[in-house]
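Peer 1: Given next are the chains, with one letter for each unit.
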Amino acid sequence: MKRGFWLSLLVLSTLLLSSPAIMAAGPPPVGGTLPDFTLPLPEGSAERDYLGLSSRGNFTVPDIKAKVVLIEIFSMYCPFCQKDAPNMNAFYEAVEKNPNSKGKIKIIGVGAGNSAYEVNVFRQRYTVPFPLFPDPDFTLHNLLGETRTPYFIAVQIGENKSHRVIYSKLGSFGDVNAFLETILKASAMK
Amino acid sequence: MRKIFVFGFLLVFAAVSFFPQVTQAQTKSEAFKDNIYETGTLKPRDSVLKVKVGQKAPNFTLPAVAGGKVALSQFHRKKNVVISFVPAAWTPVCSDQWPGYNIVKDIFDAHDTMLLGITVDNIPTLFAWTNQMGQLWFPILSDFYPHGKVAQKYGVLRSDGTAERALFIIDKKGVIRYIDVHDINKRPPLENLVRELEKLK
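The listed protein sequences derive, respectively, from chains A and B.
Just so you know, my numbering puts the end of the first sequence at 192, numbered straight through with nothing missing.
Just so you know, my numbering puts the end of the second sequence at 261, numbered straight through with nothing missing.
Note that these hints are calculated values from the structure, not bench results.
Predicted model only: the values in this text are computed from it and were never measured.
Honestly, I wouldn't trust all of these hints.
With a cut-off of at most 16 Å between alpha-carbon atoms, the simulated EDC-like pairs for lysine to aspartate or glutamate come out as follows [stated by the list, open to error]: (1) B/K246 x A/D139; (2) A/K85 x B/E90; (3) B/K246 x B/E98; (4) A/K106 x A/D65; (5) B/K138 x B/D172; (6) A/K171 x B/E258.
Isolated chain A (complex conformation) (with noise of 0.2 Å):
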């Protein structure tokens, strides 16, 4: 009776200290990992033609066909998000043209705490070229370590579906060709 009582505050707190919810005390670091988490398919052909997914269902980053994925967390609600949004626009547009980043780089937005709808007026008001997903529950915003907005995390995908931060910030990262050179730097690309 009293092992049972040990074996289950044992179990109890393993399994607190290694649950996601509760582990999320802050962003992921450089050099770390993601947490576990899956977004749902766009529904948009080209947006999945972006992403490189064809199946359906739901998808983790590292699904994402590319070599670095830049994650912005946002919020429809976020002065600094709408204020940055041409700028992210602009980062799109620089990645693309470039011959070492197009298809290579790609972008995803997290609406934090925002519905579809309030996603979908975000990226008609800014006609963001990238796709964006909804978090209405704040679900994806707590694993992602609470963190302000904007913020933006840029994973390297390697063999296997293995993946690292290369690049975890708050705020914009200003000059677009200067963050696409620090991008390609840290992820070896260049």
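The hints should help you fit chain B onto chain A, whose structure is shown.
Peer 2: The following block gives chain B in isolation, referenced to the frame of chain A:
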């Protein structure tokens, strides 16, 4: 005996897993930096409505942050009005509500609707706070003195002197068409408001 342990364990685990999502279901824009005061989770609702759908909306006149005064009656026969009460400046969820409305002026225009934002804060506080949101297209009104008089009239003044997170839609005839006294800890999804605006036609 073992069953009790397993049950107790599951219960605690479930409670703890659920906890972070309940208390921290909010994001903060970097625009406000470290200036947001953490309120923690508040009692979802702490007032009793004094108006209802179908009634004439009580008129009010309040000072605006941009200067001058704004009266509800000035929109009579001209515009529908959405009144957005938010609890207080510099608090977590409110700071992330009006900036969203700020990028959907076209939706309000399409439904011939004016938006009025109201809190019980004084003008200087509202000035400093709303400055972080960029240029707002709608008036921000101060229900500061006599304290929360308008919130009181509508029945959305909480016992601590802040307002509820509440939305009222008033049509061109001055009749209240929709009321959402929302859980103060959560932001009302935009689509709910838009759906109600569509019904005005």
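Peer 1: None of the hints should be skipped; say for each whether it holds.
Peer 2: Results for each hint:
Restraint check for B/K246 and A/D139: satisfied, since their Cα atoms lie roughly 10 Å apart, inside the 16 Å limit. Only pairs whose Cα atoms come within 16 Å are accepted, and A/K85 paired with B/E90 is accepted, the gap being roughly 11 Å. For the proposed pair B/K246 and B/E98, the alpha carbon gap of about 14 Å is at most 16 Å, so the pair holds. A C-alpha spacing of about 13 Å is found between A/K106 and A/D65, which places the hinted pair at or below 16 Å, so the restraint holds.
A C-alpha spacing of about 8 Å is found between B/K138 and B/D172, which places the hinted pair at or below 16 Å, so the restraint holds. Taken as a hint, the A/K171 and B/E258 pair is broken in the structure, with Cα atoms around 40 Å apart against an allowance of 16 Å.
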